[in-house]
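Colleague: Take a look at the letters that make up each chain.
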Amino acid sequence: MLIHEDRLFPADPATRAVARELYQSACSLPIISPHGHTQAAWFAHNQPFPDPAKLFVQPDHYIYRMLYSQGVSMDDLEIGVENIQNPRRVWRLFASHYHLFRGTPTRLWLDFAFQQLFGLTERLSEKTSDLYFDTISEKLKTPEFLPRALYERFHMEVLATTDSPLDSLADHKAIRDSNWKARIIPTFRPDSVVDPEFAGFRQNITRLGELTGEDTATWPGYLNALRKSRERFKTLGATATDHGHPTANTANLSTEHAAKLFAKILSGNTDKAEQELFRAQMLTEMARMSVEDGLVMQIHPGSARNHNRKVYEKYGRDTGADIPTATNYVDGLRPLLDVAGNEPDLTIILFTLDETTYSRELAPLAGHYPCLRLGPPWWFHDSPEGMMRFREQATETAGFYNTVGFNDDTRAFLSIPARHDVARRIDCAFLARLVTEYRITEQEAFEVVHDLTYKLVKSAYRL
Amino acid sequence: MLIHEDRLFPADPATRAVARELYQSACSLPIISPHGHTQAAWFAHNQPFPDPAKLFVQPDHYIYRMLYSQGVSMDDLEIGVENIQNPRRVWRLFASHYHLFRGTPTRLWLDFAFQQLFGLTERLSEKTSDLYFDTISEKLKTPEFLPRALYERFHMEVLATTDSPLDSLADHKAIRDSNWKARIIPTFRPDSVVDPEFAGFRQNITRLGELTGEDTATWPGYLNALRKSRERFKTLGATATDHGHPTANTANLSTEHAAKLFAKILSGNTDKAEQELFRAQMLTEMARMSVEDGLVMQIHPGSARNHNRKVYEKYGRDTGADIPTATNYVDGLRPLLDVAGNEPDLTIILFTLDETTYSRELAPLAGHYPCLRLGPPWWFHDSPEGMMRFREQATETAGFYNTVGFNDDTRAFLSIPARHDVARRIDCAFLARLVTEYRITEQEAFEVVHDLTYKLVKSAYRL
Amino acid sequence: MLIHEDRLFPADPATRAVARELYQSACSLPIISPHGHTQAAWFAHNQPFPDPAKLFVQPDHYIYRMLYSQGVSMDDLEIGVENIQNPRRVWRLFASHYHLFRGTPTRLWLDFAFQQLFGLTERLSEKTSDLYFDTISEKLKTPEFLPRALYERFHMEVLATTDSPLDSLADHKAIRDSNWKARIIPTFRPDSVVDPEFAGFRQNITRLGELTGEDTATWPGYLNALRKSRERFKTLGATATDHGHPTANTANLSTEHAAKLFAKILSGNTDKAEQELFRAQMLTEMARMSVEDGLVMQIHPGSARNHNRKVYEKYGRDTGADIPTATNYVDGLRPLLDVAGNEPDLTIILFTLDETTYSRELAPLAGHYPCLRLGPPWWFHDSPEGMMRFREQATETAGFYNTVGFNDDTRAFLSIPARHDVARRIDCAFLARLVTEYRITEQEAFEVVHDLTYKLVKSAYRL
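Residue numbers (the working numbering), protein chains in the order written: chain A, 1 to 463; chain B, 1 to 463; chain C, 1 to 463.
It should be emphasised that the hints constitute simulated quantities derived from the structure, not laboratory data.
Treat the hints with care, since some could be wrong.
[To be verified] Partial selection, computed: residues in chain A whose CB lies under 7 angstroms from chain B:
id : residue
1  : Thr218
2  : Thr356
3  : Leu365
4  : Glu392
5  : Gly399
[Claimed, not checked] Over the 12 angstroms line for every Cβ pair with chain A, so calculated as not near, a few chain B residues:
id : residue
6  : Gln24
7  : Ser168
8  : Lys234
9  : Thr235
10 : Asn269
Virtual Cβ for every residue (Gly too), placed ideally from N, Cα, C.
Using the sequences provided together with the hints, build the complete structure.
Modeller: Spelled out as structure tokens, the structure:
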């Protein structure tokens, strides 16, 4: 077997016994996925997923960044190729390097999917490559593997996608208009129209004006256009926005100053500092709008995007070369918090790629400001050790109730159950230690694990 | 029962057995509290403590910052109100949110006090709120709960308070002049007269001159006034000074430059950089005076004070909105260490809110400079996980003997035994692991735990 | 006994059993030491090592920095004295302070050497000081303790030293020309000729020109001289270079700009920023040369050298007062990676003194760039807890196969087996946890521990 029923539970027998019991109470709760990068189109059209290479390898930067780091060519993996020429060859390349993933969460997620969904029980390797390819390919053609069937099989209660204000959201509308009763909702992600360094930024602003009937050449028109876009998302079920910025900087400029800066940004004649100031100001504007319209705000700062210039030039954005950077939340968020930090109805969920901020900055901030909550460990830290560090470093100051449960943040739909399973197991392992060390009672732990798995995510995201 | 006799010991039976034995040898040692924020007045006047809300909730920012973070209004908690109007209501508000503290040290401290001091055995909750309120209220009126009785019951050997150079120390004198044989001593904390950003700084300097008979309008007179103040503290038993600065920056200006800077600071016409430089210079001046008069120097850097502007404006300093910041000791302390780092009779105890510095900066510095020692985990890190991280990250480079035992740093007198108990248990847990992993012998561990609990604090603070 | 056969294995019986089995498979593998500071002269001349003080205390900054931190005078330890006057007295001073090393790796290394090499079984202390001194002194005179005999007894396969381009490498040549079949190889460490702040930098450049027959007063001549030096090292077996810089900064200047900067540097009329820029540019030049000649590049950034001014002035470089600093790899390495980050045949091994970069920067970088590998925990972090943190924080993103096994980085030849033993035990402890938590199988763990101990270091260093 690829996966063991006690996986990720501590070896100490007493602690493991508690963890197992806690997990029994949490494992069958529905999955709520309030933040991720699946495609509404899959569920609108409900077409079979393509071959294993296209499904598992091509979209998953966790996989191909590791392969690339060990000298596998991205061309051989057909990264960025629209129609994969030789999926079996790509799959073999992956299979023959599967040992590289030992000790990584990718291995845990994949083995879970391979065994639970496809019934595979021998480890992936060069030897079993074709067996895997054929087994998966065949299953993908069956009705049980259509997107909607999987959504139901995964016992999902909510699935949020991430969408641009320039997106028509037609797929979301199509799902709503169908008879299928699933809750798939968009998330308002405005990078393309608030980040001056985003490709096509100025055209995007123009397009935003066309879509909303606002004059986005002016500061008030631009803000109105954003308000209308958010409203449009809300009508399709959105409850949250998402903001991926290079830093946690926010600003609180006067209206006049902000309008001047916007004009300069639109002129294209700006430097890095002005672009950063504009992004910083836009976080505060988004917070103001959230106070008005109730959308929960998610801030994901601290990624140096497209760090590998050659890979970026050849394969484009999001190809595995984003690298975390040190992030300063204490000074960065201050202007925004000055404006809205004490607003009773505002919720801001903070994420980080800089684990040093858990105990130094994020837990102290979330343990004080009523608007702040801590998102789960993100990206490279969405892993057993990473999650454990988060609980160990954040809980003592922020408690459990300033956190918001798990989110999977994934493009890989088939990995969703595996990812939630890992999170639940690690939470149970952490709680089991608190129980065996008499820091909380077992009865409390049952309540907390239910909160961490189900209740907190629903309340934090207003679902 | 609220607390278990094996709490905080590792679950592994062999390790737990060693931890238990070590703890048996340490648990009845006297408490030495060389750094904290209790009030000498309590012991001078020996009046009953007021009601539970005034005693537990109002002065404890650990408690109300958590409640505030979850939407409880600080007005409803009557924070900052001199005479609480409705203590039972405040207590109920706290009681009904007690689940928020699961997994936090506050919960450990409170449960210890509730059970050990007040005999309560059912968990605090909305349901038990009145039981707690009535039980505690009644006990507080009894002679066993008067401050001096508690001091003795707690088996305290020394208790240091923290005091301004502008304080008359009349309460300390009164304790000395009474027949009560307790060692309650002041600590020289000069923020109000060395930090230009401190409220009333210039008036404070004038007042310092009046108190000491020195012309504090001049640099030499100002330094003399500080020397005399320190001497006054020493006559009342002080053995240490304490310095809370936003950064770890120190400076080593020429006398002429320092005098000019002081004049400019006094003029009030300075910028942030000059104010920071002045604070930096004053740390070095304090070190020079410590070389002269033998007072141990404590440096607590890295807190962004009053981060929440609105809370600060409404409720004032120290209301739970201080947030840690990244701190650079390597460059910051260099000027001071250039001056005094190799002085044989100087002791400087360093604290941090930035745990990343334990292994990177503080342990390497303390493991080399003869004057440097590491204070225990501070504030948000005064917690089971925080203490364990400190031992794991500092010991391998600094050893045990460059650390100084525990201090409770608390305003909450009733939590002192609980806090020392947690520290002793975690030290025993850490040492038990070293023993079971054959890194030290059990016999050595007994010696080390005695040193960590009793001997090192006495020698480091010269008590 | 001083050391226990199960030392450093987790106490949990199931985990310990797995660790023990893994260790059995790894403990007798040959030692490969690809990076260290032993002296080729020892093996060229094969003379007996001197007395215990000269052998253990004087060259080991781990030892005397700890003693100095606790008030022991460096003069009494005869640090920096060519011929120790009273080695027995120095040894006693060390012995009587041996308790300071409880909980440190130094203690583990020394106890291993004392017991395994010298048969001592009672702990070092004031009482046993003379027993130790006499026992060790006597053994050192026997043939079994000559350098070459120890090399063989240690079961070493490769031993790399670290050498200046200005070094004749005569000792390396002598070893090669002898009949002794051992692989002792130099490493190209160009600090003295690429760091403008290095003592005698300009004379060093002139000397480099003389040694290589190149005009090092010109930029192309200087680069050629470096190329020729590297070639000379290669002919004596070198497979790697080593670069110790204050930061991780690299640069990618135009040839013209670089030539101008070099001229300015040679003129001596430069500031700190230009000196830093020159070092940054030289890292990129070294990477270019590595692409050409295949030497593996090691980068060791982030040490503030000679932090204690008085100690430096009196006792010179490398006397225990180097302190780590926060290090930024993401921005720092970018210019170099822009030039050479995707070169298929380049290997750069990164080290750090800033553990916060493991999960935030180093693992994400090494988990993407094909040229990057992670060196083992360095210096203060070459310790049981430090190694465990490295595995816990780096593995989930970089995997095992972007790491390069262990290196001892030591001047203390007798500690080499002890250091490798600690590393193997910690790797086994880490892997045993992964096995008992069902994250990898035991069969995989056997393969991984062999890779970590033997295979990865050979392939990464091209040995």
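Colleague: Now look at each hint and say whether the structure bears it out.
Modeller: Structure-based check of all given hints:
no. : hint   : verdict
1   : Thr218 : 31 angstroms, violated
2   : Thr356 : 5 angstroms, holds
3   : Leu365 : 6 angstroms, holds
4   : Glu392 : 5 angstroms, holds
5   : Gly399 : 5 angstroms, holds
6   : Gln24  : 17 angstroms, holds
7   : Ser168 : 34 angstroms, holds
8   : Lys234 : 35 angstroms, holds
9   : Thr235 : 39 angstroms, holds
10  : Asn269 : 26 angstroms, holds
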